[in-house]
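Visitor: In terms of the working numbering, the sequence shown opens at residue 1 and continues consecutively.
Everything labelled a hint here was simulated from the structure, so no lab data went into it.
Note that the structure is a prediction, hence the values are computed from the model and not measured.
From the three backbone atoms N, C-alpha and C, an ideal C-beta is built for every residue, glycine too.
A couple of the hints might just be wrong.
[As the list claims (entries may be wrong)] Label-pair restraints from in silico Cβ distances: (1) D111 - G76: 40 to 50 Å; (2) G85 - K9: 11 to 21 Å; (3) A87 - H113: 35 to 45 Å.
[As the list claims (entries may be wrong)] Only pairs whose alpha carbons sit at most 30 Å apart, straight line, appear in this in silico DSS-like list of lysine-lysine: (4) K93 - K55; (5) K93 - K56; (6) K117 - K95; (7) K104 - K117; (8) K104 - K56; (9) K78 - K95; (10) K9 - K56; (11) K78 - K55; (12) K104 - K55; (13) K93 - K9; (14) K104 - K93; (15) K95 - K56; (16) K95 - K55; (17) K117 - K93; (18) K56 - K117; (19) K78 - K56; (20) K104 - K78; (21) K55 - K9; (22) K93 - K78.
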Amino acid sequence: MSWYCEVAKDNPIHSSYHDTEYGFPLDGRDDERYLFELQSLELFQAGLSWELILKKRATTVAAFDNFDVDTVAAYGAKDTARLLGDAGIIRNKLKVASIIENAKRVQGLRDSHGGFKAWIAAHHPLNRDDWTK
1 MSWYCEVAKD NPIHSSYHDT EYGFPLDGRD DERYLFELQS LELFQAGLSW ELILKKRATT
61 VAAFDNFDVD TVAAYGAKDT ARLLGDAGII RNKLKVASII ENAKRVQGLR DSHGGFKAWI
121 AAHHPLNRDD WTK
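Please take these sequences and the hints and turn them into a complete structure.
Guide: Structure follows, in structure tokens:
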């Protein structure tokens, strides 16, 4: 049993995520929106606890229009200001800007690789040396 399994079993915030998502294959949950959500949550987590991200997940998903890639890619200054004023999300200007930019990049993957899922598949599995070169 992993360290996270031990933490999650008695923690209501972690247990649902652990029991339904953590370490599970993405089979049937690998659409662009969901992958973009996961990428964005990981970005928000940098330097913070995963528990905080899980606590804010529902409000973050709502604030970012269910992580619809095309909607987020079209965000402008008013949307950024709205997000930075929303206490239900991580209000870090650089992280918010990065998520908006990532949405634009995911759009670009549609033409260059056939989509986000196809881009991930083209880079997986790679060994450690290939990932770090």
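Visitor: Decide, hint by hint, whether the structure agrees.
Guide: Here is what the structure says about each hint:
Evaluation of the 40 to 50 Å hint for D111 and G76 yields a failure: the beta carbon distance comes to about 23 Å. For the hinted restraint 11 to 21 Å between G85 and K9, the CB-CB distance of approximately 37 Å leaves it violated. Between A87 and H113, the C-beta spacing of about 37 Å keeps the proposed range 35 to 45 Å intact. Proposed proximity of K93 and K55 is supported: the alpha carbons are some 20 Å apart, at most 30 Å.
Between K93 and K56 the CA atoms are separated by roughly 17 Å; this keeps the pair inside 30 Å, and the hint holds. For the hint linking K117 to K95, the alpha-carbon distance of about 22 Å falls within 30 Å, and the restraint holds. Under the criterion of a C-alpha separation no larger than 30 Å, the hint pairing K104 with K117 is consistent with the structure, at around 15 Å. Straight-line distance between C-alpha atoms of K104 and K56 comes to about 24 Å, which keeps the hinted pair within the 30 Å bound.
A C-alpha spacing of about 16 Å is found between K78 and K95, which places the hinted pair at or below 30 Å, so the restraint holds. For the proposed pair K9 and K56, the alpha carbon gap of about 20 Å is at most 30 Å, so the pair holds. With a C-alpha separation of about 25 Å, the suggested pair K78 and K55 falls inside the 30 Å cut-off, and the hint holds. Distance restraint check for K104 and K55: the Cα-Cα separation of roughly 27 Å lies within the 30 Å cut-off, and the hinted pair is therefore satisfied.
Of the pairs offered as hints, the one joining K93 and K9 is violated, with about 34 Å between alpha carbons and a cut-off of 30 Å exceeded. With a CA separation close to 17 Å, the supplied pair K104 and K93 stays within the 30 Å bound. The straight-line distance between the Cα atoms of K95 and K56 is roughly 15 Å, inside the 30 Å bound, and the hint therefore holds. For a cut-off of 30 Å, the pair hint linking K95 to K55 stands: about 17 Å separates their Cα positions.
For the suggested pair K117 and K93, the alpha carbons sit about 27 Å apart, so the restraint of at most 30 Å is met. Our distance criterion of 30 Å between C-alpha atoms is met by K56 and K117, whose separation comes to about 25 Å. Taking the CA atoms of K78 and K56, the gap is near 22 Å; set against the 30 Å cutoff, the hint holds. Pair hint K104 plus K78 holds up; C-alpha atoms about 17 Å apart against a cutoff of 30 Å.
Distance check on the hinted pair: K55 and K9 sit about 16 Å apart at the alpha-carbon level, within 30 Å; holds. For the hint linking K93 to K78, the alpha-carbon distance of about 13 Å falls within 30 Å, and the restraint holds.
Of the numbered hints given earlier, the model fails hints 1, 2, 13; all others are met.
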